[in-house]
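Hey, can you work out the whole structure from these sequences and the hints?
2 protein chains.
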Amino acid sequence: METFEESHQRRLEVCITPALFPVYYQSKDCVVVVIDIFRATSAICTAFEHGVSSIIPVSTVSEARAYQAKGYIAAAERNGEIVDGFDIGNSPFHYMDPQIKGKDVVLTTTNGTKAIERAKAADHIIVGSFLNLSAIADYLDKQNKNVILLCAGWKDRFNLEDTLFAGAVVDKLKDHPIFTGLADSSLAALNLYQQAKPDINGFLANSSHRRRLARLDLEKDIEYCLQLDISKKVPTFRGNALIAD
Amino acid sequence: METFEESHQRRLEVCITPALFPVYYQSKDCVVVVIDIFRATSAICTAFEHGVSSIIPVSTVSEARAYQAKGYIAAAERNGEIVDGFDIGNSPFHYMDPQIKGKDVVLTTTNGTKAIERAKAADHIIVGSFLNLSAIADYLDKQNKNVILLCAGWKDRFNLEDTLFAGAVVDKLKDHPIFTGLADSSLAALNLYQQAKPDINGFLANSSHRRRLARLDLEKDIEYCLQLDISKKVPTFRGNALIAD
Chain D
290 METFEESHQR RLEVCITPAL FPVYYQSKDC VVVVIDIFRA TSAICTAFEH
340 GVSSIIPVST VSEARAYQAK GYIAAAERNG EIVDGFDIGN SPFHYMDPQI
390 KGKDVVLTTT NGTKAIERAK AADHIIVGSF LNLSAIADYL DKQNKNVILL
440 CAGWKDRFNL EDTLFAGAVV DKLKDHPIFT GLADSSLAAL NLYQQAKPDI
490 NGFLANSSHR RRLARLDLEK DIEYCLQLDI SKKVPTFRGN ALIAD
Chain P
290 METFEESHQR RLEVCITPAL FPVYYQSKDC VVVVIDIFRA TSAICTAFEH
340 GVSSIIPVST VSEARAYQAK GYIAAAERNG EIVDGFDIGN SPFHYMDPQI
390 KGKDVVLTTT NGTKAIERAK AADHIIVGSF LNLSAIADYL DKQNKNVILL
440 CAGWKDRFNL EDTLFAGAVV DKLKDHPIFT GLADSSLAAL NLYQQAKPDI
490 NGFLANSSHR RRLARLDLEK DIEYCLQLDI SKKVPTFRGN ALIAD
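Just so you know, the protein sequences line up as chains D and P, in that order.
Here the first sequence stands for residues 290 to 534, where the numbers follow my numbering.
Here the second sequence stands for residues 290 to 534, where the numbers follow my numbering.
Zero decoy hints are in this set.
Repeated chains share a single entry, so a pair holds when one copy, or any two copies, can fit it.
Straight-line alpha carbon distances no greater than 30 Å define the calculated DSS-like cross-link-like pairs of lysine-lysine that follow:
1. 444 to 434
2. 317 to 444
3. 486 to 463
4. 521 to 392
These aren't lab readings, by the way, just hints derived from the structure by calculation.
Since the structure is predicted, the reported quantities are computational estimates derived from the model, not experimental observations.
Given below as structure tokens:
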């Protein structure tokens, strides 16, 4: 903390759950990277890679239903499963369908869209996943802003996979001259990522969400979400929707 | 999470800042271990080892002054320094003075006493530090309760040394049959501790609070606080005060 203030350098901090966002968000001059590896932000990155026009994140299932009634493609997930009455949840594989190309999609999920909602206090929000890790790091590298890596977590609790991704971003930016003097949250995430790096899936074997998804038979999704750099797009929040230009 | 609920086992979770305590505290049937390694809980453990009768934690400096006016020994620290008008802060060395033996001491600190205040929602609160690590682990081992390892952090942010201590407790309890299926926060803390274990002071070299204390010339305090198992006492909150019986 004080090191940043004293040296006028930029902060690079990991906020491990949306519940702590107000603690970390202290100035408008920042970029917030929303992270929900399993699976909302991985699905969002996949959708843009497959040509979706925009994604409107909403907090509640009833908001998603209202858009659905107006003819939007609407997706809703709660507790890892597609909500009744919707065809799409938050599996990245749902977003490879050619029918979403050029469309506006409305999305609500257990943690990811809630994190985006919380982040709306900030002017500058982007969406990250392992799928666009290098694109995110390159993007942040070109900004001259404080960075908050906002982990969606699990119902306001700490979760391992989102923190690992935050550590991966720290790993890429740690030598950038404006970010010297890492916050403790960034040091911890970096440290965990450096251990996990050789085998992220193995490292996550005992994590709670990994176990939860394994019970739901979502191994294929997990493997997909842990791929590195298959997209160069950086989904950015503008108005009420994410776009990637 | 779900693993615990499904198997009716006990939860062993790390709450990385007091701001998240309401998220983790969900049933009265738990023990909360308050952790503020640099330096409040290390000082508290030291005080009991040196014969203090009780420690009354208070949230504000004005409360501490009110007790001081009534003749209590009062200690107050803010931002690492003794508050004007007090003789004692939160250095463990302040609590080795023979004059505190048998006395009731009132204490307010930047983070530690705030964490205790937050934990008061629970019926069962104890105080941990590296100085009484094994005593804490043995104590928890004998309870049949959920455990919340509550890190005081730094002004509601994540901090590294408190999380490392939480990881040290997880390391001691992880093979206890009632705690199988660790929460992600416990896995992360355990992992960080296992890396740090061979040289905790070295591991903390770049941490924010370590840098803050080094600037305040408190190296001696840091080394003292990182000693293992020099006390077998378990300070426990009863009524409005900590005691160790």
